[in-house]
Amino acid sequence: MKTTALAAAFAALFGGLVGVTPAIAEDITIGAVIPLSGASATTGKDQSRGIELAVKQVNANGGVLGKQLKVIVEDSGGKPQTAIDAAKKLVSVDKVPIVIGEYSSGNTIPLGQYLVQEGMPHINPASTSGLVRDIGATSYSVVGLDNVSTEFAAQDVLDHGWKKVAVLAMNNAFGQGVAEEFKKHFTAKGGEVATTVMYTIGQSTYRRELQQVEAAEPDAYVFTAYGTEGALIMQEAFELGMQEGKPWYSILITMMNKDTPAEFKKGLIGMDVGYIGEGGDTYKTEYETAYGETFLSAYGGYAHDAVLFSAAALNKAGSTDKAAVLKAIEDLGKEGVKGATGDITLDADGQRTHQPYLKFKVEGEKLVAYE
Amino acid sequence: MFQFIFDALIRSVDLALIAVALSAVYSLIKFPNVALVQYAVVGAFVAMSLHTAGLPLLLAGLLSAFFVGLLAVVFNILVFERLLKVDSAIALIGSLALSMILSAVFLLTYGPTAYRFKLEVTPAMRVLGARITDHQITTLIVTAISLGLFALILFRTSLGREMRATATNGVLAAATGIDTRRVTNVVVFLSGMLAALGGITLAMRGSVSIDLGTNMLLPVFAAAILGGLGNALGAVVGAIVIAAAETVVTNTNVGPLVGEDLYFLPASYAPVASFAILVIFLLFRPRGLFVSEVSRV
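Line by line, the protein sequences are chains G and S. In terms of our numbering, the first sequence opens at residue 16 and continues consecutively. In terms of our numbering, the second sequence opens at residue 22 and continues consecutively.
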């Protein structure tokens with residue numbers, strides 16, 4: 016009998032607690048882990064703006080499950096451990112049904128792995144490494160991975176009439192993914208990758224690698240490179256006369272364009288992720304009105320869409336129950352959700368199938384988007 | 022073919038100055054100073070800062086080399102003289118530690134990005150089918166003059182005679198009235214200058230980042246050991262052999278072996294050549310290509 020009494024006492028106590036909670040439960044909260052500090056803080060700021068605007072939009076359209084949507088934004092500091100700690104807090108303290116995060120693949124992957132372990136829905140709003148695909152069952156991406164970006168690049172290169180190319184990419188997870196996926200798509204579309212050269216980052220010269228790709232005598236050179244390394248590669252290609260009559264094509268050109276002086280990148284073209292997609296003009300206008308400047312990075316729009324997608328999933332699930340939410344995300348992935356970056360549909364692995372990219376050409380120092 | 026020879030020549034020039042510096046210091050104080058590769062990076066960074074500040078390149082380079090020479094002497098007096106009193110192995114570990122500290126200082130002051138000299142870059146000219154750039158010619162000239170002057174000091178001056186005497190038998194040299202400490206510090210100073218010039222010419226043709234020193238460590242050591250550690254000019258020959266081996270690795274199309282038209286080994290495999298040669302020489306000819314006064318490596 017004593018136990019019953021105790022149980023009753025506990026029940027009363029918890030009943031009392033439950034009785035208090037509805038005041039907090041007015042809102043439906045989801046979590047986001049983004050780099051508000053550290054090397055990628057600018058992108059993180061852009062992401063947080065995208066999230067803010069998305070929350071406004073969702074709540075203006077009736078909110079989620081009849082309540083107001085709220086996003087708890089945690090700082091990852093650009094570090095994997097901090098990102099995981101933030102996610103733990105979101106999952107165990109805030110008890111959010113969905114976590115969005117992070118920016119760079121090196122943080123998104125461990126963050127996602129933790130969430131997958133917990134069986135939590137994870138939405139990747141920015142990382143494009145092919146390794147993101149292997150995070151696990153409950154992880155989804157609203158940004159296209161390197162298989163999507165290289166397909167666009169392969170088509171773009173072929174459209175320029177270059178059938179035989181040499182590929183130059185850095186020898187890390189990102190570069191390997193890009194090189195492999197590009198070759199796959201380019202060959203499937205009828206082109207020929209004469210040679211692929213992977214270079215080690217941080218070298219003081221890339222002449223050896225350049226001479227190796229040159230030996231393939233391609234119609235064009237396709238490469239991807241980070242900032243100052245891309246600049247050195249372009250300078251040495253210029254010195255070696257490899258830019259004379261041979262076009263150069265940069266995959267994710269915004270990574271290296273700023274660091275490269277105009278004289279070494281004459282005629283350079285390339286591609287990068289698009290800031291907004293079809294139907295994203297409203298978002299652009301709202302952004303510029305709210306913050307008085309243009310986009311800080313390409314990734315605010317994707318963070319925005321991650322929130323829209325999450326809100327739609329919760330509405331579709333009809334509750335914040337994990338299983339129901341996961342089911343709703345799968346279904347939504349097939350149906351598609353309209354976001355600022357265009358129509359978002361997911362493949363069988365939960366990765367975005369199509370997304371907007373921009374073609375860029377270099378004019379003097381600047382990059383100009385063209386059709 | 023001429024392109025191959027030229028690539029190998031340029032690569033050996035990359036290594037030669039630092040390898041000669043390493044070997045020269047070894048001949049006197051009997052320990053290989055790992056930090057020398059970082060002195061090269063200091064030289065490149067300082068020259069670049071001076072050049073950016075508006076000094077002409079030649080002046081910036083010379084000032085920087087002079088500064089690094091002094092720095093090498095300071096480190097020698099503050100650190101290595103004391104460590105050497107204990108043991109040369111301790112001094113070697115000490116130089117590794119100093120090398121890491123310098124690397125960390127570069128990271129703090131310059132960050133992880135690569136820097137380039139703001140120099141005019143012109144397309145390469147063709148000589149017998151090989152492409153040669155202006156900066157490569159400059160590098161060849163700078164290296165030839167530096168090594169020539171160093172050889173002149175070593176073999177044609179009384180200072181050089183004192184250096185050789187100290188290297189051969191320090192105690193005996195001291196007994197004949199040679200100030201061996203002064204001689205050692207002069208050689209350390211010259212080695213700092215050579216290393217700095219090596220770093221500057223490398224940076225002139227590409228870029229300098231904090232990784233430069235670490236990347237140079239192995240091939241430079243291999244070249245110095247090949248030439249017979251302590252045999253300063255032997256290191257030049259060592260550099261040529263290492264450079265030729267590396268160039269064979271990176272310039273040979275091994276496509277036919279793997280069933281493709283065109284396949285090159287990644288350039289990051291080049292150090293494999295240095296490693297292999299280093300191991301073979303340590304096993305079979307630890308005194309290097311030439312017989313020198315050094316009895317062990």
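Derived from the structure by calculation, the hints contain no laboratory data. Where a beta carbon is used, it is the ideal one built from N, C-alpha and C, also for glycine. Just so you know, not all the hints are guaranteed correct.
Claimed, not checked - What the simulated footprint calls covered on chain G by chain S, stretch by stretch (three residues with Cβ under 8 angstroms from a Cβ of chain S suffice, anywhere in the stretch; the number is not a length):
1) 159 to 172
2) 247 to 259
3) 330 to 339
What the hints assert, rightly or not - The calculated PhoX-like cross-link candidates involving lysine-lysine, where the alpha carbons are at most 20 angstroms apart (straight line), are:
4) K85(G) to K110(G)
5) K273(G) to K299(G)
6) K281(G) to K139(S)
7) K60(G) to K94(G)
8) K261(G) to K281(G)
9) K106(S) to K273(G)
Claimed, not checked - Using C-beta positions, here's what the derived DEER-type ranges look like:
10) M146(S) to G242(G): 25 to 35 angstroms
11) Y306(G) to A165(S): 39 to 49 angstroms
12) A75(G) to L283(S): 57 to 67 angstroms
13) A125(S) to T297(G): 48 to 58 angstroms
14) F296(S) to E232(G): 29 to 39 angstroms
15) S52(G) to M22(S): 37 to 47 angstroms
Going down the list of hints, with the structure as the test:
1. 159 to 172: violated (count 0)
2. 247 to 259: holds (count 8)
3. 330 to 339: violated (count 0)
4. K85(G) to K110(G): The hint holds at about 13 angstroms.
5. K273(G) to K299(G): 23 angstroms, violated
6. K281(G) to K139(S): Distance ~18 angstroms between K281(G) and K139(S) Cα, so the pair holds.
7. K60(G) to K94(G): Holds, at about 16 angstroms.
8. K261(G) to K281(G): Distance ~11 angstroms between K261(G) and K281(G) Cα, so the pair holds.
9. K106(S) to K273(G): Violated, because 52 angstroms separates the two Cα atoms, which is more than 20 angstroms.
10. M146(S) to G242(G): 25 to 35 angstroms: 30 angstroms, holds
11. Y306(G) to A165(S): 39 to 49 angstroms: Because 59 angstroms falls outside the window, the suggested range is violated.
12. A75(G) to L283(S): 57 to 67 angstroms: 58 angstroms, holds
13. A125(S) to T297(G): 48 to 58 angstroms: Roughly 49 angstroms apart at Cβ, these two residues keep to the hinted range, so it holds.
14. F296(S) to E232(G): 29 to 39 angstroms: For F296(S) and E232(G) the Cβ distance comes to about 32 angstroms; the hint holds.
15. S52(G) to M22(S): 37 to 47 angstroms: 55 angstroms, violated
The structure shown violates the earlier hints numbered 1, 3, 5, 9, 11 and 15.
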